[in-house]
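Modelling step: build the complete structure from the supplied sequences, incorporating the hints.
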Amino acid sequence: AFWTNIYNILIIHGVIELEVQRSVMEIVNFFRRIGYFIGGLFFSPDDIEHGILRSNKSHPLLPWKQFSRHDQRNQLIIRKFDPRIHFSLVCAASSCPPVEFYDAEKINKQLDISARSFLNRRGIILDREKKILYLSKIFQWYSGDFGSNWSERLIYIASFIKNEKRSYILNHLNELKIQFLPYQWNLNETLK
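Note that full-length UniProt numbering gives residue 188 to position 188 of the sequence shown, counting from 1, and the numbers run on in steps of one.
Don't take each hint at face value.
Simulated crosslink set (PhoX-like; lysine-lysine; CA at most 20 Å straight-line) [to be verified]:
1) 137 x 177
2) 177 x 130
3) 165 x 177
4) 80 x 109
5) 109 x 57
6) 106 x 80
7) 131 x 80
8) 137 x 57
9) 80 x 65
10) 165 x 130
11) 57 x 80
12) 131 x 162
13) 57 x 131
Derived by calculation from the structure, the hints in this document are not laboratory data. Computed from a prediction, not measured in an experiment: that's the story for all the values here.
Take a look at the structure:
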């Protein structure tokens, strides 16, 4: 809960401080440029997301882990990775989940709610006629976080989807074609 809240606050603070007008993509290296010093150590959004919350996995566009072997921040890594964090982190884009505050005592329930909300509102579109499942780009960028193959990933995704759509996905796992929705980097309405 602490790191998720810090990440979301940092993003909002960065948008305000750097006077972002339309998209965080206006700012070169936005997710590496902004950050907070916590306990004397610097944490950017990328450090928090990939280093801490994703258990020091590599950024989708980079081949190396976020923290080097000797980085002091390694001691803060959350060792048991939870893919639901992808539905709680707000990157300020309209394709991101809505901003929420997370409570350590309720984090498990809140992450479930965030996953359900994101997936049932805009994270997927199912075209039964063409047997195409359109997924958020999050599932392309972080595909390995949700399972080792598309059957595993779809089973994971289906666990958060409403009954009728869930049944269809589970009954057509091997027939569905996967495509990805365009990611809307324009500034999230709640941050304007």
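Agreement of residue 137 and residue 177 with the hint, judged by alpha carbon distance not exceeding 20 Å: Roughly 15 Å between the alpha carbons, so the hint for residue 137 and residue 177 holds.
Satisfaction of hint between residue 80 and residue 57, Cα-Cα up to 20 Å: holds, 12 Å
Hinted pair residue 165 and residue 177, Cα distance within 20 Å: holds, 15 Å
Hint consistency between residue 131 and residue 80 [alpha-carbon to alpha-carbon, up to 20 Å]: violated, 34 Å
20 Å Cα cutoff - pair residue 80, residue 65: Since the Cα atoms of residue 80 and residue 65 sit roughly 16 Å apart, the hinted pair holds (cutoff 20 Å).
Straight-line alpha-carbon gap residue 177 to residue 130, limit 20 Å: holds, 8 Å
Satisfaction of hint between residue 80 and residue 106, Cα-Cα up to 20 Å: holds, 17 Å
Satisfaction of hint between residue 162 and residue 131, Cα-Cα up to 20 Å: Holds, because 18 Å separates the two Cα atoms, which is no more than 20 Å.
Given pair status - residue 57, residue 137, alpha carbons within 20 Å: Holds, at about 18 Å.
Holds or violated: residue 165 to residue 130, with C-alpha atoms at most 20 Å apart: Cα-Cα ~15 Å, so holds.
Residue 57 paired with residue 131 [C-alpha distance capped at 20 Å]: Between residue 57 and residue 131 the Cα gap is close to 32 Å, so the pair fails against 20 Å, i.e. violated.
Distance restraint between residue 109 and residue 57, which requires alpha-carbon spacing of 20 Å or less: violated, 24 Å
Going through the hint list in order, the structure does not satisfy hints 5, 7 and 13.
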